[in-house]
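If you read the protein sequences in the order shown, they are chains U and W. Residues in the first sequence are numbered from 0 upward in steps of one, following numbering that gives the first Met the number 0. Residues in the second sequence are numbered from 0 upward in steps of one, following numbering that gives the first Met the number 0.
Calculated directly from the structure, the hints in this document are not laboratory data. No false leads were mixed into what you were given.
Straight-line C-alpha distance at most 30 Å; calculated DSSO-like pairs for lysine-lysine: (1) U:Lys2 with W:Lys96; (2) U:Lys16 with W:Lys96; (3) U:Lys6 with W:Lys114; (4) W:Lys163 with U:Lys18; (5) W:Lys96 with U:Lys4; (6) W:Lys6 with W:Lys51; (7) W:Lys82 with W:Lys167; (8) U:Lys4 with W:Lys87.
Since the model is a prediction, treat every value here as computed from it, not as a measurement.
Residue strings, one per chain:
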Amino acid sequence: MTKLKIKENIEEEETKKVKYLILGIVVIFAAWILINIFLPVTLSGKVISGIVMLLLVLYLGFEWYRAYYL
Amino acid sequence: MIIEVGKYAKLAILASLAESKSLSELGIFWYNENGRFYKKKAREEITQALDKDFLIKNSTKLKANTEKLVAFTYDKIKDKNLKETLCKFWCHPFSQKTFLCCEVLKQMFSNSPEKAANTSLNYVLNTPLILQKLQETDLEMYSLFVTNQELEEYIRAIHINAEKNITKAFMNLKQKTDWVENLNKIIKNNGRFLNSGNVAMMKIKQMMKKRK
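Construct the complete structure from the given sequences, taking the supplied hints into account.
Put into structure tokens, the structure is as follows:
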């Protein structure tokens, strides 16, 4: 039986392009917070890992924007 | 609300819901006959439809006033939000080019102009929504509806059209997801379309009841 798949195709595209990026941002952020809470990290370690995390999140955020709006 | 127009005007409206067509194009499209819509009766009916604003004339071509027809069809809906969502959905170029394109509608009526002339616009607009709703809630009823209404070719034509138009109609993924969100809002409206006096739907519901 032929089914209408327009909606499903768009949702699939959204999942492929956007949802994993959002998940990536959340996971990176959560991992950084957990590392800082449970592991004995020095202040400079926190700052450097924070900068790395910010860069990663910014990159993923840009990718998310590009997938959604461009 | 019923749109009261003659047979030829109705055929002209159905064929031009998504794109403009001249009288000879309409004749070739429905009857494979160039002069069919130049007949006196056809011209009178089309003039009446033009007077009522159901059709719009662009130089030599005719185009259905889709926005007005959609608003007219859903005039009885009390829920303002649903009415707005429906109008927004049907006024979107992708919805029009995919579901209301003349080739798709011709498949819906199995290439029969008589069948098309006897159908209400309500049926034309509600069928894709009913299909989507049934597909998500009751697959058995969906297949019964498709078989009963001979909609296999219609669904195939919708897919071909969707693939053709999806890149042109949407600028980005956000617009696509907004369109889907709109469709979801309509479908989630507790099956209003399944109970909207659709004769085919009533028959299938009776069949299902008998089975149980």
